[in-house]
Every structure is written in C-alpha cells, then in structure tokens.
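**Student:** With the hints as extra help, turn the sequences into a complete structure.
Protein chains in written order, with this note's numbering: chain A, 20 to 605; chain B, 53 to 188; chain C, 30 to 105.
Please note: incorrect hints may appear among the correct ones.
From the structure, some residues in chain B lie toward chain A, with a derived Cβ separation under 7 Å [as the list claims (entries may be wrong)]:
| hint | residue |
| --- | --- |
| 1 | Leu66 |
| 2 | Cys68 |
| 3 | Ala77 |
| 4 | Asn79 |
| 5 | Asn84 |
| 6 | Ala86 |
| 7 | Lys93 |
FYI, nobody ran anything at the bench for these hints, they're computed from the structure.
Just so you know, these numbers come straight off a predicted model, no measurement behind them.
From the three backbone atoms N, C-alpha and C, an ideal C-beta is built for every residue, glycine too.
So you can see what is in the structure, the chains are spelled out below.
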Amino acid sequence: MLGEDFVRVLYIDLENRKADIRERKDLYKYLGGTGVAAKLLEENMKKGLPPLHEEQPLIISIGPLSTIFPVVTKAVATFISPHTGEYGESHAGGRLAMAMRNAGYDAIVITGRAHKPTYLLITDRNIEFKDARAMWGLDIEEVGRVVREREPGPGKRSIIRIGRAGENLVTYSCVNVDTYRHFGRLGMGAVFGSKNLKAMIIMGERDLPISNLKEYFKTYQEIYKKATQTDAMAKYHELGTPLNIKVLNAINSLPTKNLLQSTFEHADDISGERFAEKNLIRKVSCTGCPIGCIHIGQFRREFDKGYEYESIAVSYDHELVYALGSLLGIRTSDEVLEIIEEVELAGLDAMTTGVVLAWATEALQKGLITKEDTLADLEFGNTKEYIKAIDYIADRANEFYYTIGNGLNEAVKKYGGQEFALLYGGNEMAGYHTGYGFALGQTVGARHSHLDNAGYSYDQSAKELKDEEIVDYVIKEEKERNVLTSLCICLFARKVYDRPTILKALHSIGIDWTDDDLTRLGNDIFFTKLRIKKELGYSLENYRFPKRVFETPTLWGRMDEERLNRLLRMYIDRVEKEYEDWSRGQ
Amino acid sequence: MPKVLRADNMNKCLGCFTCMLTCAAVNHNNHNLAKSSIKVKTRGGLQSKFAATICVACKEPACAEACPTNALVRRPGGGVKLIRERCIACEKCVSACIVGSIHMDYDRKIPIICKHCGACVRMCPHNCLSMEEVTE
Amino acid sequence: MRIGVEVNDFFEKYGGKTGKFEMEIDPGFNVQKLLQKLNIPQDRVGFVIVNQKRVDFDYVFSEGDEVHILPFAIGG
Numbered sequence: 020m021l022g023e024d025f026v027r028v029l030y031i032d033l034e035n036r037k038a039d040i041r042e043r044k045d046l047y048k049y050l051g052g053t054g055v056a057a058k059l060l061e062e063n064m065k066k067g068l069p070p071l072h073e074e075q076p077l078i079i080s081i082g083p084l085s086t087i088f089p090v091v092t093k094a095v096a097t098f099i100s101p102h103t104g105e106y107g108e109s110h111a112g113g114r115l116a117m118a119m120r121n122a123g124y125d126a127i128v129i130t131g132r133a134h135k136p137t138y139l140l141i142t143d144r145n146i147e148f149k150d151a152r153a154m155w156g157l158d159i160e161e162v163g164r165v166v167r168e169r170e171p172g173p174g175k176r177s178i179i180r181i182g183r184a185g186e187n188l189v190t191y192s193c194v195n196v197d198t199y200r201h202f203g204r205l206g207m208g209a210v211f212g213s214k215n216l217k218a219m220i221i222m223g224e225r226d227l228p229i230s231n232l233k234e235y236f237k238t239y240q241e242i243y244k245k246a247t248q249t250d251a252m253a254k255y256h257e258l259g260t261p262l263n264i265k266v267l268n269a270i271n272s273l274p275t276k277n278l279l280q281s282t283f284e285h286a287d288d289i290s291g292e293r294f295a296e297k298n299l300i301r302k303v304s305c306t307g308c309p310i311g312c313i314h315i316g317q318f319r320r321e322f323d324k325g326y327e328y329e330s331i332a333v334s335y336d337h338e339l340v341y342a343l344g345s346l347l348g349i350r351t352s353d354e355v356l357e358i359i360e361e362v363e364l365a366g367l368d369a370m371t372t373g374v375v376l377a378w379a380t381e382a383l384q385k386g387l388i389t390k391e392d393t394l395a396d397l398e399f400g401n402t403k404e405y406i407k408a409i410d411y412i413a414d415r416a417n418e419f420y421y422t423i424g425n426g427l428n429e430a431v432k433k434y435g436g437q438e439f440a441l442l443y444g445g446n447e448m449a450g451y452h453t454g455y456g457f458a459l460g461q462t463v464g465a466r467h468s469h470l471d472n473a474g475y476s477y478d479q480s481a482k483e484l485k486d487e488e489i490v491d492y493v494i495k496e497e498k499e500r501n502v503l504t505s506l507c508i509c510l511f512a513r514k515v516y517d518r519p520t521i522l523k524a525l526h527s528i529g530i531d532w533t534d535d536d537l538t539r540l541g542n543d544i545f546f547t548k549l550r551i552k553k554e555l556g557y558s559l560e561n562y563r564f565p566k567r568v569f570e571t572p573t574l575w576g577r578m579d580e581e582r583l584n585r586l587l588r589m590y591i592d593r594v595e596k597e598y599e600d601w602s603r604g605q
Numbered sequence: 053m054p055k056v057l058r059a060d061n062m063n064k065c066l067g068c069f070t071c072m073l074t075c076a077a078v079n080h081n082n083h084n085l086a087k088s089s090i091k092v093k094t095r096g097g098l099q100s101k102f103a104a105t106i107c108v109a110c111k112e113p114a115c116a117e118a119c120p121t122n123a124l125v126r127r128p129g130g131g132v133k134l135i136r137e138r139c140i141a142c143e144k145c146v147s148a149c150i151v152g153s154i155h156m157d158y159d160r161k162i163p164i165i166c167k168h169c170g171a172c173v174r175m176c177p178h179n180c181l182s183m184e185e186v187t188e
Numbered sequence: 030m031r032i033g034v035e036v037n038d039f040f041e042k043y044g045g046k047t048g049k050f051e052m053e054i055d056p057g058f059n060v061q062k063l064l065q066k067l068n069i070p071q072d073r074v075g076f077v078i079v080n081q082k083r084v085d086f087d088y089v090f091s092e093g094d095e096v097h098i099l100p101f102a103i104g105g
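**Tutor:** Below, the structure is given as structure tokens:
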C-alpha cells in the first residue's frame, strides 16, 4: 500500500458471498506483482485437489510503482494452471492495475464457486456479487458492452471477462482485460469459468496523497524522459513487435506450418510493415504508458452480396501473427486479423490455439485423425476452416474438440503425434525458433513463457554458443525478470528500468531498498515458485522434446537433440543445488 | 498574453492517461487520477476514439455565475480561479458547467478546477494538447 | 563491382536508404563501411545476412553478394 509498510489484500469468497480485507505486513518484503502473487498462491492453494476445484484460489496483484510511474502497467495473476496442472502465472496490462490502485487493493484473492453465474463489482467502498446468468454464453465483446452500460465510471474502470471458451473450461481460455489486453496463457479463463465468474469490474476513487511530491515528480519526469526520448522503446511504438516477422524469417527462426519450415514464403505479406501499410488504424496504451504499443488493425468483411461490408478492428502483435499466421500458413494480413477476431470473441489464448490447430492440421494429413473428428477441412492456409475449428474448440463440439480443448499434452496421449506437437515444458511454443536459448528457456521457465527468461534474445546476440553460458543466462535473466515483474514493470521497459532507476523510483515513494535487497528478492521469488511447482508434482526429469524442433533449421542451424538434453540436465542439476542451498537458508 | 488549454488533437491520443496522472499529482498532490481536472475518456468502449473533457476557458464562466460565495473568479484569458477559503462545497458550479469539466474532490470538499497551468501539455507524449495564447 | 542490398524499414529513422537496391562498391569494401555509408548505427544492427548466411562486420563483399541488414527481433 502506498505510504504504508503492508500489502492490502482483498479476499473474496464467491461461495459465501463474503469479502474481507487484510493488511499483510509479512508480504511487504515481496514488494508486489509476481512476488506477492506467488506467495499468496502458495498459502492458499490446495495441493491435493484438481486445478479447477472450487477451493483453488485465483490471485491478482499489482506493485508499489503501479500506474504512478511510466510503463509500470501490468497486473500479475497466479493460479494453478488447468493446462499444465502446475504453477500458473499470467500478466496483463490495460487499465486493471490503475483500477486496483485507485480502489486501494494491492492484491485480490478469489476463492470458492458462485452458486450461479456472477460478475463482481469491486470498488473502494463496496464489493458486490451481481447476477450474470443472462451474460453466460456471451462473447468477449458483448459481455464487455453489457457491463459497461450497466455500471458507472467510464474512463476510470477496468472490465475483465471471459468468453465461451472460459465457461466451457478450455484449458487455454484467456481472461480478456479491457478489450485489447489479456491474461492469455495457462488457462486463467477456465479458472474464472470454474468459479462461475463471468466478469469483474474494478474502479475506485480512493484518496492517494503523495508524500513527497517534489522528489516523486522529479523521478517520474526523469523516467518519462528516458522512456520517450531515447530510442529504447521506440520500436514497440512504431511497427511494434510484428517487426519480428521479417527479421525471424530472414534468420530461419519463424515457425511456419507447424514448424515444417522456419521461413515462410508469404512472410512479407504478413509482416509488420504490411500490417502497418494495409491495416493499422491506431495505436493505444495501457494506463500510465506513454509508448503506446497496442496496434489496432482493421479489415473489412463482405457479409452479403451487393457490396455489403462490415469493418472489424482487432489488436495484433508478433505472437498472434506467428501463431495464427505463419504457423497456420496464412497468406494475408487481412486473413490473420480475421482469425484473431474469432479467437478474441471466443476468449482463447492465441498462441496455444494456433499451435493446437497447426498440430491438428498435420495430424489430419498424416491420418492420425479424420474429418469426422475435425469437422473442418483443416489445411495450411485455409482461413475459413480454421475459423470454424476455433468455434468448435470453444464449444467443445465433439470428443475430438473436447480433447484438444485440454491442450496438446492431452491430445497426443489419445491420438499420438507427440513428435510434431510443439510443446516446451507442457506449454505450446511461442514464436521464436531461434535455437537452444529459446528452447531451453521456455521449457524451464516458471510459467513456460518465452518471456520468463528471453532465451530468444540470447540466441540472437550470442557470438558463439557455450553450454555453460546458456544455462547461466537463462537462470540469471529469470531472476532479474522476477524483480521487474514483482514491480509490475512492463518487460518492454526493462532497459528503462535498470537497477539504479528502480531504486530511485522506490526511494521517491519512501521505500528504501538496496541493490542487494533486489537481488535477494529475485532469488527468493525464483525458488518460491520452484517450491510451489514441486509441491504440485512438477518435474523435468525424463522430459522429452518433440522431434520436430530438431528437424527444422534455426538461426544456429539444426539443433542437436543430445545437446539440448545435456543443457536441460545441466540446468536441472544447477538449479537443484541452488535450491537446496536456498531452502537451508530459509 | 494569457494562455489556455486546448485539446485539438485528440485523434492522436493513445489513452495513456499521463495527462491525468500529472494533473492529479502536480495540482492535487494525489496519485489517483480521479483528482485530475482534465478527463480523458473513450467516446464509448475502448474501440471508439478518445476524447478529453477540459475547461474550455469561457469568457463568461457559468460556473462563476452560479457560485453563491464568489469562490470562483474569472481569470485573464478565460476560465476561473478557485478561492478555496470561500468555497462551501455546494456543487452548484459542477452542474453549471455544461461541458462537464468540473467534478468534486470529496476528500477535500472542493471542486477540481483547471488552472490552465499546462502541466498536462508538457507531459503528453503525442502532442494531443496545447496551450493557446488568447486575449485577456 | 555490384552487390544487392536490402535494408529493413526499421533503419529508416536514421535517415539512410531502406528497401531493396543495388550498389556499386570498390574491392575490399566490408560490412562496416557499408553500414557507415548507409548511416546505420552499428549497435542497432542485429543481423547482417549475406547470401542467406549470417556474417560479421568485417566481412568483405564479393561481386554479386546479396546482403540483408536487420535489427534484432524483440520480445512480444
């Protein structure tokens, strides 16, 4: 809590329709974000029960710098992932952090299951459990509109909600945050669904006086200047992350057609440059970010003969253009946007959806499944059929779609095709086939996200590959990113927020931490998450990488399976040893 | 020459709310952007354009006319200045302002009045806002 | 001699030429000199690809080389 030495936690019990606020001094040393959310998950989770059991908690946390410093925009959610069965963590921008800040809650813990579909109204003054029965079944856009029109506070509120996929407990359903952002990965949408929770609206007018305006605003301006006037962040605003498409394509790193290829003959047609030329209509920001990286693209669709058109605008970025573009062999930017729209309305994680469909396309070609299973003629490049399949996933239309609605790990148990199921550490692959750093990084990362430790970045900047160095990088980077995400700093601003800047910002609002304190924090969070994972039965022993990732060239040529396995072994051994030392010290 | 705030380029707005965070901090010593005088909103849902509700610097300010205690006095160039000691928090100015630029700070029991100080203009990353020189 | 050059749009802001074009160069001309000539700051360059292979800044061009200059891909 600003100006206080505690974390103010709102506990919501959906079962008994009760709310409680506790001021937790003991959590203060974890700052906020990923640190506080991981601790709150650890103390509230029920390890013997399934991930979607009503007693399992869902946590959302912000940090001390949230909203009041430039580009500190994220909220961090933790839960037990229905997708992997272990530690679930997901981050989202939008207005959520601002709304929690203004309502006066540093963290929210939700447990229980509402007796009927419910949406929550959370303000600084009250918590209301509201009837959402009529909203059940509505898509992301409609439920947003209904809540928006029913509730007060335009401009200063955040509305987060699920679509059909979340209601139907698809293990990679997302929670949509303020239309353009998402808690995308690891199935937080299904956690909402399992709690009969359709949406949450958060806002507040809590008085938040500034303790030392002069120092605070001076620091604020310095960071603002760094973020806007150096080119540290310009690329995120200009073309945005889809700048990657042409780059990755030129260096054999753009996963294409279920990674049968790592270059795409139509890369230019779905490149950031092409989107900017043909589709880009505006850019928007998360609250408190002067950069504006959210790119909105528009396409028009003929819905009837006689020049009948509708225009549709959705947000796009690299991961979406990869997963719902190159990986499915989609040849135009318009078509990529059309697929994105379907995924958005259904409330699915774009990355996993793309990877699952790419696998299904190849499985159908190879005869592991039939048209009776898929109902749609899945083939690379066929947009119309993919759009049908996305609906079938969200609706769990038949036994096949029910199965793939639990992700590729479950799909391959039933249908085979493990060797071309693009999974790293149980989660579907992100869009960087750059080499060992990425492959190891996503596999070992606490939330199996490419952003846990940015292995793709190592692969690109390394002059030569050294095993020790790769393992070292992945561990160090993840610990450092724990510091950033405990403060809820957008990772795009990691170069703006170096250690001295972080310390200065904290100091200006009365938090006197040292560099060593931050190092300790990053380390503690790293091993706290590992402890949670172990409690939930997670292990990388006997882990097998899919064959496909070794067959297709990366930036560093074809990866050698033995070498990647050796890297994984080295990682496990080193982390286990460090974990023992850390546990003894606790 | 006096200057007044204009929001003529809102088509460029990213919706980052830095203007509001700045106004709330600099003028009201508060981290909650609900205390900001400038208010950025969408025209309805995030898919619509952004709009800014600002004090339009009336030459004949209705808010001042409505004020029973003369707490709002005309400022050179348009708009008003709040004389805090005179304010009785009757909220008449709030309803008198037809563009909706005045709202209450219930914690301090005063209306939030734009000073046309230009802090929001300086911190806008996309040049949506400007200060315009006007006659007295 | 002539080489084919493709400069990613990312470098447009540095004022040099972007897109695909051909260039006449002297023997001994290397990547570093090319970047200088195109006004591209070396520390902003992620990859220099010549005939589909990644090369270093000291690579010396041969007749008919196809060179592609790109930034690093970023996290998304």
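**Student:** Now look at each hint and say whether the structure bears it out.
**Tutor:** Evaluated hints:
1. Leu66: With a minimum Cβ separation of about 4 Å from chain A (threshold 7 Å), the hint on Leu66/B holds.
2. Cys68: holds (4 Å)
3. Ala77: holds (6 Å)
4. Asn79: Interface hint status for Asn79/B: violated (10 Å vs cutoff 7 Å).
5. Asn84: Cβ of Asn84/B sits 4 Å from chain A, so the hint holds.
6. Ala86: With a closest approach of 4 Å, the Ala86/B hint holds.
7. Lys93: With a closest approach of 4 Å, the Lys93/B hint holds.
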